[in-house]
Every structure is written in structure tokens, then in C-alpha cells.
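There are 2 protein chains.
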Amino acid sequence: MHIALDAMGGDYAPGPIVAGAVQAISQDGDLRVTLVGDEAQIQPLLDQFGRSDRLGVFHCSQAIGMEESPTVGLRRKPDNSISRCWQLLAQARVDGIVSAGNTGAMVAGGLMSRRFLAGVERPGIATIMPTMRGPCLILDVGANIYPKATHLYQYGVMGLIYARHILKKENPSIGLINVGSEDGKGPELHRITADLFNKFPIKGSYKGNVEGRDIHRGSVDVVICDGFVGNVILKVCEGITEFILKVVAREISESLTVERDKGINTLTNLAQKYHYSEFGGAPLLGIDGICIVCHGSSDDRAIRNALAVAARHARAGLNQLITKELESQQQHLSLASI
Amino acid sequence: MHIALDAMGGDYAPGPIVAGAVQAISQDGDLRVTLVGDEAQIQPLLDQFGRSDRLGVFHCSQAIGMEESPTVGLRRKPDNSISRCWQLLAQARVDGIVSAGNTGAMVAGGLMSRRFLAGVERPGIATIMPTMRGPCLILDVGANIYPKATHLYQYGVMGLIYARHILKKENPSIGLINVGSEDGKGPELHRITADLFNKFPIKGSYKGNVEGRDIHRGSVDVVICDGFVGNVILKVCEGITEFILKVVAREISESLTVERDKGINTLTNLAQKYHYSEFGGAPLLGIDGICIVCHGSSDDRAIRNALAVAARHARAGLNQLITKELESQQQHLSLASI
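Going down the list, the sequences are from chains A and B.
If you read the first sequence in our numbering, its first letter stands for residue 6, the second for the next number, and so on.
If you read the second sequence in our numbering, its first letter stands for residue 6, the second for the next number, and so on.
Hint data in this document are derived by calculation from the structure and do not stem from the laboratory.
Any given hint could turn out to be false.
Identical chains share a label here; the pair holds if one copy fits it or two copies do between them.
No more than 30 Å apart at the CA atoms, straight line, and that leaves these computed lysine-lysine pairs for DSS-like [what the hints assert, rightly or not]:
hint	residue 1	residue 2
1	K329	K212
2	K251	K212
3	K278	K251
4	K204	K190
5	K82	K190
6	K153	K190
7	K173	K251
Model the full structure from these sequences, guided by the hints.
In C-alpha cells form, the structure reads like this:
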């Protein structure tokens with residue numbers, strides 16, 4: 006298992022990135038990580054955090070800034086760490102790549118690499134949300150802001166495989182985010198997508214439209230949406246979680262006396278438990294190879310978890326399972342068209 | 006101050022609707038309410054909750070179901086309570102209307118009435134969210150899922166007036182929901198809308214793109230989005246608030262002993278404080294007249310608060326202030342084009 010890690014990506018890179026890589030390989034004896042970035046910055050960090058024969062460095066001289074235009078960055082900086090990660094994947098020198106860098110540049114790099122799984126027209130970023138009934142996968146959360154219905158359908162298939170084999174849900178269900186649960190609601194794109202879900206082999210898993218409030222109620226296991234809506238959902242959830250936990254902490258702190266510390270500790274642990282860094286980044290599904298996109302402000306724990314998730318996806322044969330499912334659907338379609 | 010209240014609208018109508026009206030007029034000596042709906046159902050409720058010469062009934066024989074198609078409902082049921090409310094407003098027999106019924110039918114009824122304020126091309130539903138820095142107005146949350154840039158710009162102007170005169174913010178700021186904060190991000194619609202904000206007189210209030218997490222951080226006072234995204238945001242917030250408060254209650258309940266009841270009471274009060282029924286419904290801005298759309302599961306408290314909000318908006322001259330602002334912008338534009 007060999008993962009290329011963008012050492013220059015993230016608000017605090019390369020420090021916590023290198024630290025996270027060191028932690029990950031110490032936890033997983035079969036994991037190799039290649040740190041992609043400026044050797045002059047990485048080597049002193051390896052001196053600090055520890056070296057290993059399973060931890061290599063691939064030097065590159067440039068990095069795309071977190072706020073930089075992805076297309077401009079990729080064009081003007083040919084030796085940037087994100088493009089180098091994608092090249093290592095394209096050359097099959099690694100099994101997967103992980104980056105906490107500029108998400109737009111990661112996605113654009115993936116689109117330019119054209120290393121999509123057979124049957125996938127556009128990759129999508131998936132993320133896991135905790136709900137009343139266990140984890141829910143939501144995709145796309147930002148790779149594809151103008152999806153076609155076939156893209157959304159493919160997100161459904163990929164999400165289903167993910168929910169079954171990674172989240173270990175026996176009969177996962179899929180819902181399409183809309184402004185109402187009734188059929189025929191919302192934009193034209195949603196009606197065409199619903200037709201696809203209802204016609205194709207996974208129709209048994211498709212539960213129709215779901216509304217925003219259904220996500221955290223755990224009404225379905227996989228939530229499909231366009232990348233604009235998904236990105237807004239993801240960030241709204243981050244903001245409101247912060248807000249509610251702060252308000253709760255203030256009120257609990259004011260109302261309790263003898264058990265105040267216990268109450269605050271409980272809230273701190275909860276905030277930690279639901280912090281994005283626990284979830285190990287978001288997979289860019291549909292890429293031939295494992296690709297994990299991490300939050301820009303990832304710390305060492307987030308990077309360690311993302312590397313562990315990348316290794317887990319590769320070992321579970323996630324992409325082979327997706328390809329197999331999409332192929333069987335193609336056969337169904339060919340038979341249907343005879 | 007005379008408000009028409011859709012007595013048949015809402016999951017539990019007409020009981021809590023009538024009860025809320027009785028409470029509202031007892032709190033506001035200058036408020037008159039006309040209950041629009043089935044007299045046979047309303048009269049016994051008035052016997053139960055109390056009569057007043059400021060509480061009338063306008064009988065109609067039909068009601069549009071909560072899950073019914075708005076267009077089908079409005080067409081097939083000419084004597085429905087929502088259409089009757091809009092007619093009372095069109096005939097200037099009331100100053101405003103309030104409904105917890107089918108939101109789509111309320112909006113469609115408003116579009117069909119064509120009673121828009123001068124300078125407004127499409128009304129939008131606005132809702133108030135609590136944030137780290139006080140209330141934030143977000144619009145549109147469901148009236149207009151395919152807005153033009155001029156619609157979004159007008160939402161900005163209306164939101165600004167609302168924030169200044171109703172939320173009492175001295176120099177309110179506006180942000181446009183997008184997938185990143187940098188200029189030029191996201192869909193074409195957002196770039197055109199940003200151009201309008203930057204060119205027009207309210208440019209000083211426009212802070213550019215905001216992301217989902219900015220809403221609850223209180224980064225701006227008014228958040229502009231299309232009705233699809235806004236509706237999803239609203240419902241995601243409802244779902245995740247429920248979820249977090251339940252998880253917190255479980256953990257607090259498990260970790261505390263002597264102060265367990267105190268802790269749970271604090272959380273119950275918080276849930277109450279941030280419950281939608283406290284916020285008194287969402288105004289449909291841009292209508293010539295006051296129009297408040299309430300949550301489908303409104304209880305008497307929610308209806309009472311919505312009637313109070315309707316009266317407050319009318320007394321503040323909200324619509325006159327909006328019209329004046331839009332007119333002054335027209336003048337600016339005319340001068341600019343000389």
C-alpha cells in the first residue's frame with residue numbers, strides 16, 4: 006500500500022502533514038507514504054518527527070496556494086505538489102493520493118488526469134456525516150457544480166457501493182436532495198435524475214426526494230446532490246455545529262455549579278468526536294486510484310486518519326467493486342435495449 | 006391592523022391556528038384577525054378558545070393539502086383558504102396575510118396575484134437565523150429556485166432594509182452564498198450578481214461571496230441565495246440542530262449525576278429558544294402587503310408570533326421603506342445612464 010501525500014497542501018503545511026504521515030506509518034506496518042513537496046522544508050521535519058524506510062520524499066519546487074485560482078495555479082506552476090501527486094498516480098507508482106491543499110486544484114488535477122473508473126463520467130467528492138441512525142454519505146460536495154443527471158446517477162451507484170462495503174450497511178438506501186419530498190418537485194435535473202434511479206437496476210435502493218432535515222435524521226444512507234448544494238451543506242453543518250456547541254457550552258457553564266467541569270468536558274469530547282479531523286477526509290470517488298481530499302485546516306490527526314482511510318479503501322477494493330457494479334448495469338442496459 | 010389568517014393551513018389546522026389567533030389579539034389591542042376557512046370547523050374552536058369583536062371568520066369551503074401539488078390545488082379548488090387570503094389582500098380588505106399551509110401554494114398564489122412592490126420582479130422568502138453575532142436574514146429560502154441575477158440583487162436590497170429597520174442593524178452587510186469566498190468562484194449567475202452588487206448603490210454593504218460556515222459565524226447580516234439552496238440550508242439547519250441537541254442531551258444525561266436535571270433543563274430551554282416557532286414565520290418579501298409563511302407544523306405559539314411579526318412589519322412601514330430604496334436606486338441608474 007503506497008500513498009503519495011501532498012506535503013505542501015493545507016493551511017499549516019508542511020509541519021502537521023509530515024507529522025501525520027509519521028504517525029500513520031507507525032500505526033500501519035504495510036503502509037508506505039511518499040511526501041511530495043519541497044525537500045528543504047520536509048527533511049528538517051523528518052529529523053524532528055522521525056524517519057522510516059517506508060517514508061520517502063518526492064521533491065518538487067512549487068505549491069499552489071490555498072486561495073489561488075486552481076486553473077491559474079496548475080498552469081503557471083507545472084512543478085506543483087498537487088500535479089506531482091496526480092502524476093505519481095497516473096504512472097501507477099502509488100495506489101492513492103492524499104492532499105489537504107487547494108480542493109479546486111485537486112479536483113481539476115483529477116479531471117485533467119482523466120483517470121476515471123470505467124462507467125464514470127465525472128468524479129464526485131463524498132463526505133460522511135453522523136446522523137441519528139449512524140453515518141450517512143453525501144455526494145457530491147464540491148467537485149461538480151453543474152452535474153448532468155447521469156453524473157448524479159453514477160454518484161448514487163458509487164455511494165451505494167461505499168455504504169455497503171465501507172460503511173457496512175446491509176441494504177443501503179439513496180435519496181436525492183430536493184425542496185420537497187413529493188415526486189416531480191424541484192428543478193428539471195431532479196426529475197430526469199429520479200427517472201434514471203427509478204428505471205435502472207438500483208431502483209430498489211432509491212427512496213426518492215429527501216429534504217435537508219432528512220440528512221441528520223438518517224432517513225437514507227446516501228444523499229445525492231450537486232456539488233454546489235453539497236458544498237454549502239457541508240460548510241453550513243460545520244458552522245452551525247460550532248455555533249450550537251458554543252451556545253450550549255455557555256449555557257451549561259452558567260447553569261451548573263458542582264458538575265460544571267464534568268459538563269464542559271462532555272461537550273469538549275463531543276466537539277472532538279464530531280470534528281471533521283476524525284473522519285479522515287473526503288474521498289474523490291470515480292478516480293482510478295484512491296484520492297482523499299482533506300480539510301484545509303487539517304492537523305496531524307486529520308492527516309493520519311486520511312492516510313488510514315486511503316489504505317482502507319484500497320484494501321477493500323472499493324474501486325473494483327464500483328467498476329463491477331457499473332459494468333453489471335451496462336449489461337442490464339444492453340439487454341434492455343435488445 | 007388587520008391580518009387574514011389561513012385557518013386551514015398547517016399539519017394540525019385548524020385547532021392551533023385558531024388558538025394562536027386568540028392569543029395574538031389578546032396581546033395586541035390594535036390587531037384584528039380574520040380567520041379564513043371552514044366556518045363549521047372554526048366556530049366550535051372559537052367557543053373553546055374565546056371570541057372577540059376583533060376576530061372574524063371568512064368562510065371558504067376548500068383547503069389545499071400540505072403535500073398537494075400547489076398548481077393543481079390552486080386550479081381545482083377555487084374556494085381554497087390560501088386563494089381567499091390572497092383575494093382579501095388584493096381587495097385591500099386586510100393589511101397582510103399569514104399561513105402555515107402549503108408553502109408552494111402560498112408562493113404560487115402570491116405570484117398569481119401579481120401584487121409585487123414597485124421595482125421587485127420576484128418575491129422571496131426570508132428567514133432569520135441566530136448566529137454568533139445576533140440574527141442573520143437569509144433569503145430566498147424557497148420561493149424562487151431559478152432566480153435571475155436581478156432577483157438576487159433585489160433580495161439584497163430588501164434584506165438590507167429588513168436588517169436595518171426590523172433587525173435594527175446600523176450598517177448591515179450582505180453576502181452571496183458560494184462555494185468559495187474568492188471573487189469569480191462558482192456559477193455564472195453568481196458572477197453576474199456580484200457585478201450588480203458592486204456596481205449599484207448598495208455596494209458599500211456588499212461583502213462578496215460567503216461560504217456556508219459564515220452564516221452561523223455571523224460574518225454578514227444578510228445572506229443571499231437561490232431558493233433551492235436556501236430551502237436546503239433552512240432544513241439542514243433544522244435537522245442538525247435536532248441531532249446535536251439530542252446527542253448533547255444523551256451525553257450530558259449520562260455524564261452528570263447530582264446536576265443532571267439542571268443540565269437537561271438548560272438544554273430543553275435552549276431547544277425552545279432556537280425552535281422555529283419562536284421566530285414567527287418567514288416573510289415573503291416583495292409583496293405589496295405583508296405576507297408571512299409559517300412552518301407546516303406550527304403550534305399556537307408559532308401562529309401567535311407570526312401574527313405579531315406581521316403587525317410589526319406593517320407598523321414599521323417595511324414595504325414603504327423597500328419601495329423608497331428601490332426607487333432611489335432607479336434614480337441612480339437613470340442618472341448613470343444619461
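Against the structure, the hints come out as follows:
For a Cα distance limit of 30 Å, the shortest separation of K329 from K212 inside one copy, 23 Å, qualifies, whereas the shortest one across copies, 48 Å, does not. In the homo-oligomer, the alpha carbons of K251 and K212 lie at most 30 Å apart only across protomers (25 Å), although the nearest pairing inside one protomer, at 35 Å, exceeds that limit. Taking identical chains as interchangeable, the C-alpha atoms of K278 and K251 lie at most 30 Å apart whether they share a chain (15 Å) or sit on different chains (15 Å). Taking the shortest alpha-carbon separations for K204 and K190, only the intra-copy value of 18 Å comes in at or below 30 Å, while the best inter-copy value is 35 Å.
With identical chains, the CA atoms of K82 and K190 are at most 30 Å apart between copies only, with a shortest distance of 20 Å across copies and 45 Å within one. In this assembly of identical chains, K153 and K190 lie within 30 Å of each other by CA distance both inside one copy and across copies; the values are 17 Å within and 20 Å between. In the homo-oligomer, the alpha carbons of K173 and K251 lie at most 30 Å apart only across protomers (24 Å), although the nearest pairing inside one protomer, at 33 Å, exceeds that limit.
The structure meets every hint from the earlier list without exception.
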